[in-house]
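With chain G's structure known, arrange chain P on it following the hints.
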Amino acid sequence: MKLKVMAAQLLTLLFLGAAIYSYLDRALERYQTTEVTQHLVNNAGLARMVAARQLHELSDASSLAATLGREIKARVTIIAGDGVVLGDSEVTHRDLATLDNHAGRPEVRAALLRGEGSSVRYSETLRTDMLYVAVPLRLAVDPRAVLRLALPLSGLEAAKREFHLVLGGTLALAALLLVFLSYLLTRASARSLHAVAAIASRIGNGELGTRVPVEKGSEVGKLARVLNEMALRTEEQLGRISAEKNRLDTILRGMGEGIMVADPQGVITLVNPAFRGLFAIQDEVEGKQLIDISRHPALHHSFRDVIATRQERVEELQLHSPKEKTVLTHWVPLLENGVLQGVVAVFHDISDIRQLEKMRRDFVANVSHELRTPVTVIKGYAETLLGGALESKPEQAARFVGIIFAHADRLGSLIGDLLTLSQLESGTLVMESRSISLHGIAEHVNSLLEQKARDRRVSIDIDGLTDAPAVLADPGRLEQVFLNLLDNAIKYTPAGGSVTVSAHAEEDRVRIVVQDTGTGIPPRDLPRIFERFYRVDSARSRDEGGTGLGLAIVKHIVQLLGGTVSAESTGHGSSFFVTLKRA
Amino acid sequence: MKDHMSSQFDAELNVIRARLLEMGGKVEIMIANSMRSLVERDSALAEQTIAFDREINAMEIEIDEKCLYLLARRQPAARDLRFVTLALKIVTDLERIGDQCASIAKHALELNREAQLKPYIDLPRMADVVAGAVREALDAFVRGDAPTAARVCREDRFVDELNEQLQRELLTFMMEDPATVERAMRINSISKYLERIADHATNIAEMVIFLVEGKDIRHSKV
Numbered sequence: 001m002k003l004k005v006m007a008a009q010l011l012t013l014l015f016l017g018a019a020i021y022s023y024l025d026r027a028l029e030r031y032q033t034t035e036v037t038q039h040l041v042n043n044a045g046l047a048r049m050v051a052a053r054q055l056h057e058l059s060d061a062s063s064l065a066a067t068l069g070r071e072i073k074a075r076v077t078i079i080a081g082d083g084v085v086l087g088d089s090e091v092t093h094r095d096l097a098t099l100d101n102h103a104g105r106p107e108v109r110a111a112l113l114r115g116e117g118s119s120v121r122y123s124e125t126l127r128t129d130m131l132y133v134a135v136p137l138r139l140a141v142d143p144r145a146v147l148r149l150a151l152p153l154s155g156l157e158a159a160k161r162e163f164h165l166v167l168g169g170t171l172a173l174a175a176l177l178l179v180f181l182s183y184l185l186t187r188a189s190a191r192s193l194h195a196v197a198a199i200a201s202r203i204g205n206g207e208l209g210t211r212v213p214v215e216k217g218s219e220v221g222k223l224a225r226v227l228n229e230m231a232l233r234t235e236e237q238l239g240r241i242s243a244e245k246n247r248l249d250t251i252l253r254g255m256g257e258g259i260m261v262a263d264p265q266g267v268i269t270l271v272n273p274a275f276r277g278l279f280a281i282q283d284e285v286e287g288k289q290l291i292d293i294s295r296h297p298a299l300h301h302s303f304r305d306v307i308a309t310r311q312e313r314v315e316e317l318q319l320h321s322p323k324e325k326t327v328l329t330h331w332v333p334l335l336e337n338g339v340l341q342g343v344v345a346v347f348h349d350i351s352d353i354r355q356l357e358k359m360r361r362d363f364v365a366n367v368s369h370e371l372r373t374p375v376t377v378i379k380g381y382a383e384t385l386l387g388g389a390l391e392s393k394p395e396q397a398a399r400f401v402g403i404i405f406a407h408a409d410r411l412g413s414l415i416g417d418l419l420t421l422s423q424l425e426s427g428t429l430v431m432e433s434r435s436i437s438l439h440g441i442a443e444h445v446n447s448l449l450e451q452k453a454r455d456r457r458v459s460i461d462i463d464g465l466t467d468a469p470a471v472l473a474d475p476g477r478l479e480q481v482f483l484n485l486l487d488n489a490i491k492y493t494p495a496g497g498s499v500t501v502s503a504h505a506e507e508d509r510v511r512i513v514v515q516d517t518g519t520g521i522p523p524r525d526l527p528r529i530f531e532r533f534y535r536v537d538s539a540r541s542r543d544e545g546g547t548g549l550g551l552a553i554v555k556h557i558v559q560l561l562g563g564t565v566s567a568e569s570t571g572h573g574s575s576f577f578v579t580l581k582r583a
Numbered sequence: 584m585k586d587h588m589s590s591q592f593d594a595e596l597n598v599i600r601a602r603l604l605e606m607g608g609k610v611e612i613m614i615a616n617s618m619r620s621l622v623e624r625d626s627a628l629a630e631q632t633i634a635f636d637r638e639i640n641a642m643e644i645e646i647d648e649k650c651l652y653l654l655a656r657r658q659p660a661a662r663d664l665r666f667v668t669l670a671l672k673i674v675t676d677l678e679r680i681g682d683q684c685a686s687i688a689k690h691a692l693e694l695n696r697e698a699q700l701k702p703y704i705d706l707p708r709m710a711d712v713v714a715g716a717v718r719e720a721l722d723a724f725v726r727g728d729a730p731t732a733a734r735v736c737r738e739d740r741f742v743d744e745l746n747e748q749l750q751r752e753l754l755t756f757m758m759e760d761p762a763t764v765e766r767a768m769r770i771n772s773i774s775k776y777l778e779r780i781a782d783h784a785t786n787i788a789e790m791v792i793f794l795v796e797g798k799d800i801r802h803s804k805v
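Protein chains in written order, with this note's numbering: chain G, 1 to 583; chain P, 584 to 805.
Warning: the hint list may mix true and false statements.
As the list claims (entries may be wrong) - Here are the computed lysine-lysine pairs in the DSSO-like style, where the Cα-Cα straight-line distance is at most 27 Å: (1) K649(P) to K672(P); (2) K689(P) to K775(P); (3) K798(P) to K672(P); (4) K323(G) to K358(G); (5) K672(P) to K288(G); (6) K775(P) to K323(G); (7) K491(G) to K452(G); (8) K701(P) to K491(G); (9) K222(G) to K4(G); (10) K379(G) to K393(G); (11) K701(P) to K452(G); (12) K288(G) to K649(P); (13) K358(G) to K325(G); (14) K672(P) to K775(P); (15) K701(P) to K358(G).
Unchecked claim - Only part of the chain G face toward chain P is listed, based on derived beta-carbon distances under 8 Å: (16) I291; (17) H296; (18) S321; (19) G520; (20) P523; (21) V536; (22) G571.
Said to hold, decoys possible - Incomplete in silico selection of chain P near chain G, CB under 8 Å: (23) A601; (24) L604; (25) G607; (26) G608; (27) K609; (28) I612; (29) A615; (30) K701; (31) P702; (32) Y703; (33) D705; (34) P707; (35) R708; (36) R718; (37) V725.
Calculated directly from the structure, the hints in this document are not laboratory data. Idealized CB from N, CA, C, for every residue including glycine.
Just chain P, with the same shape it has in the complex:
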């Protein structure tokens, strides 16, 4: 009887893990699509991306329910308890990333309606770094790879620097030509969203380290 229960329990844990990773996969697609809708000026894709956020939200609810059920019914201990509670947190970070992508897509819609301010060079480059951070954080989760997760945390500052740099450039743009203000502001927002997505990736990475090593490294230097 105990064996049967424990294998059912393992199956339930496995389902949570799989759904979490699938949600991660969908979020990764959203990041790519939201940026593509901007760079390729594809408004249909932007609309699609905004609608897609609903799937992310639905998955958050589903995984939350599964985790709470597990906590209530199975009362896990030690590593399994850590896993479930961290899963709950990671789900929140993923859902936020989804929201940020939808916001990027919304700005892209507006930007696509007007002439392009300048060729998008720095934003896509930043987006590549950010997408990479999210991907590596999730890969680290899959492999239980603490060193990779630590690296994601360390490299977050590059995204912060890119964001600041872009904001400075946009400021100069706006000062030179006031007609560009609205578009520049939107690009500024997109940059900020990307920076926030990177922060969420860092959160996920911190959770991975906690799960693997039992060390809570939040709010400290890695």
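In isolation and in its complexed conformation, chain G is listed as follows:
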């Protein structure tokens, strides 16, 4: 830009210079010509007066011309009326005859016509432009005689040359000065602009805190101020966007639900930590395809469906790996101006809810069934008795009543267990906290179950409790725990098997182990055996007279005593572990 300004200025100067130059040149030339002409005219007038006095004979013309030429310092020519040159200060008398007839000369004719004539002609003899001025002599002896003065314009040329040099030189100097000053000035403003540009580029590269120093008053100063304002606004804007992004990030990170955003081709663009947890992903996910993250067919089916129909959909997904989970998935297509940009999916882990629902359903179903069965039997037999069997078949009647009693008893135990469980769960049960000998309790329970164990040819060994430390518990409830555990063990151990009870101290706790050599509990059922009414093998358990609540009661009692209960099992037997507080 500097160059453009300088070039413009230079061109203007040159143009102006050229205009002035040519005008002055011509003006000067005209002026000088006019001056010289006038000078010659004046001299011609004077010369005429002299000639009028001195020239009596035409033959004197030559010497007069010479004299006049010397005095006036110009070429003097006297021309007769017929054009013959009578005298010339530059030509000798002898050579006069060689001269042309001058009648045709323009200045001569003009002099005769108008009283004065001038012209400029190139002279072969003198090899320069000559200025001729002619006036009529008005001689009595030759009324048409003309006096002509001539000067070479070489002086004019010299003057002109000098003028050209001076003017040219001045112009050149002016041009140089202009260029120099122009350069200085533009450099100064260019440097300011450069500085502003440099800082602007730094701001553009991200150093948003930088500001341009402002020189007050100059145009560049204004620019600087505007630039600074812009930088400030950009900084603020970016700050707002960054804060917004942080807020969204925090929300996404804190959410319990998994979020996934993918483009229409199935490439994942965004996930949150909850999503990673749900699908057990450690590596980078953004940029990978959906199929790389999960192979679940239903996931891909839903994705393809949402992309095709552009409709939201909600559905439950059953994940199998890494764990069994039920996930409520909400798919939303991302539309921008009618163009599908991708898909957002929200995953909500409802496994626990479904589990609880199932447990509740199972429980209600189980309770109904458990209560109905004995009631049905009781009603049936009672009906039979009322129908006449009481009188007609007294022995059978007695048996029937016995059956009614047994089932009523069963109903009683069931309802009793349910009540116990309910009390345990609501916390209304009052429990003592005493130092109790494990062996004593075990012995008592053993005596209760002895017959049953013998009938089934299962041995019970409680010797492992003889040196066991005392525990802090409620005696009645602890007895119930042992009863339930040992009863189960006997029930699920085939003939010839054994049940072993032992205990040892573990810091401030006592760990009791009830081990059997039974058929074991399948891995799938193991976590659920402490649930109410949960049965591994429903048919057999009910036949044995179990209520399905035994282990649930054990769990609640142990937990209320501040302990823990757990179980392990293989195909060759099960072990139940109870920890209690040491007394």
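Structure of chain P alone, referenced to chain G:
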């Protein structure tokens, strides 16, 4: 022009890979469902599983066609050629696994009609290991993870041992009580199918190692 073709080629390779993995996902579901239909005595699920095998077969045909098309039209070389040929093999292994699951489901249907011989403890445990092997083999394929694939190959022997153990137990069962023979035989078959599924998982793992390292480790110890 070459760029356009190569990006189309890449897209076609990617489609084969994605479909292969989807087929893998469906097979994984089949394994889970066939075992669940047995353990939970869910005959409706068993029927569903048997019907589902048709989808697996259809995918085998689809992927085969895509691979052959790629070989014929694009004539891939080096790593891409290895990939396509191995994809063809993996598809076969997956389809076989599907068949085995359908067979398990068929046996489950029959077993569900009768009383349960004994609580299913060892079969589900074996099935978990087998499903894990299939899952890890496919995960190794996704990640190009040769060490995991090698581990799958090594751990195949555990499944073989479980199978032998179960067969011995069932033999004792049958000898003690001849009435259990039919049910025991079916459980035996299921165990064998599971063992075969594990072998297919090992095949897939070997393919993964071949693809990643260019080493053919079939029929040798890893």
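Structure-based check of all given hints:
With a CA separation close to 13 Å, the supplied pair K649(P) and K672(P) stays within the 27 Å bound. Between the alpha carbons of K689(P) and K775(P) the distance comes to roughly 14 Å, so the proposed pair stays at or under 27 Å and holds. Of the pairs offered as hints, the one joining K798(P) and K672(P) holds, with about 16 Å between alpha carbons and a cut-off of 27 Å not exceeded. Straight-line distance between C-alpha atoms of K323(G) and K358(G) comes to about 18 Å, which keeps the hinted pair within the 27 Å bound.
At roughly 25 Å between alpha-carbon atoms, K672(P) and K288(G) fall within 27 Å of each other, so this suggested pair holds. Distance hint between K775(P) and K323(G) is fulfilled; the C-alpha atoms sit about 26 Å from each other, no more than 27 Å. As the CA atoms of K491(G) and K452(G) are separated by approximately 9 Å, the hinted pair is consistent with the 27 Å bound. Between K701(P) and K491(G) the CA atoms are separated by roughly 15 Å; this keeps the pair inside 27 Å, and the hint holds.
Between the alpha carbons of K222(G) and K4(G) the distance comes to roughly 23 Å, so the proposed pair stays at or under 27 Å and holds. A hinted pair counts as satisfied when its Cα atoms are at most 27 Å apart, and K379(G) with K393(G) qualifies at roughly 18 Å. Restraint check: the Cα-Cα separation between K701(P) and K452(G) comes to about 23 Å, which is no more than 27 Å; the hinted pair holds. With a C-alpha separation of about 23 Å, the suggested pair K288(G) and K649(P) falls inside the 27 Å cut-off, and the hint holds.
Proximity of K358(G) to K325(G) is assessed by CA-CA distance (about 14 Å); at most 27 Å being required, the pair is judged to hold. Distance check on the hinted pair: K672(P) and K775(P) sit about 22 Å apart at the alpha-carbon level, within 27 Å; holds. Annotation: proposed proximity of K701(P) to K358(G) holds, straight-line Cα distance about 25 Å (limit 27 Å). Annotation: I291(G) was flagged as interfacial toward chain P, and the flag holds, the nearest CB pair being 5 Å apart, inside 8 Å.
With its C-beta approaching chain P no nearer than about 6 Å, H296(G) sits inside the 8 Å limit, and its interface hint holds. Against a cut-off of 8 Å between C-beta atoms, the interface hint on S321(G) holds, since the closest Cβ of chain P lies about 6 Å away. About 6 Å separates the beta-carbon of G520(G) from the nearest beta-carbon of chain P, less than 8 Å, and the hint is met. For P523(G), the interface hint holds, since its Cβ comes within 8 Å of a Cβ in chain P; the closest pair sits about 6 Å apart.
A hinted interface residue such as V536(G) counts as satisfied when its beta carbon comes closer than 8 Å to some beta carbon of chain P; here the least separation is about 6 Å, so the hint holds. For the restraint placing G571(G) at the interface with chain P, the shortest Cβ-Cβ distance is roughly 5 Å, inside the 8 Å limit, so the hint holds. At a threshold of 8 Å, the smallest CB-CB gap from A601(P) to chain G is about 5 Å, leaving the interface hint in force. Checking L604(P) against chain G: minimum C-beta separation of about 5 Å stays under 8 Å; hint holds.
Among the interface hints, the one on G607(P) holds; its C-beta lies about 5 Å from the nearest C-beta in chain G, closer than the 8 Å criterion. About 3 Å separates the beta-carbon of G608(P) from the nearest beta-carbon of chain G, less than 8 Å, and the hint is met. Using the Cβ-Cβ criterion of 8 Å, the hint placing K609(P) at the interface with chain G is satisfied: the shortest such distance is roughly 5 Å. Annotation: I612(P) was flagged as interfacial toward chain G, and the flag holds, the nearest CB pair being 6 Å apart, inside 8 Å.
Of the supplied interface hints, the one on A615(P) holds, with its beta-carbon coming within about 5 Å of a beta-carbon of chain G, less than 8 Å. The closest approach between the C-beta of K701(P) and any C-beta of chain G is roughly 7 Å, which is under the 8 Å cut-off, so the hint is satisfied. For the restraint placing P702(P) at the interface with chain G, the shortest Cβ-Cβ distance is roughly 5 Å, inside the 8 Å limit, so the hint holds. Given hint, Y703(P) at the interface with chain G, holds; its Cβ is 6 Å from that chain's nearest Cβ, closer than 8 Å.
Restraint check, D705(P) versus chain G: the minimum CB separation of about 6 Å is within 8 Å; hint holds. Nearest Cβ of chain G to the Cβ of P707(P): about 6 Å, under the 8 Å cut. The hint holds. Look at R708(P): its Cβ gets to within about 6 Å of chain G, closer than 8 Å, so that hint holds up. The restraint placing R718(P) at the interface with chain G holds, with a minimum CB-CB distance near 6 Å, inside the 8 Å limit.
The restraint placing V725(P) at the interface with chain G holds, with a minimum CB-CB distance near 5 Å, inside the 8 Å limit.
Hint compliance for this structure: every hint is met.
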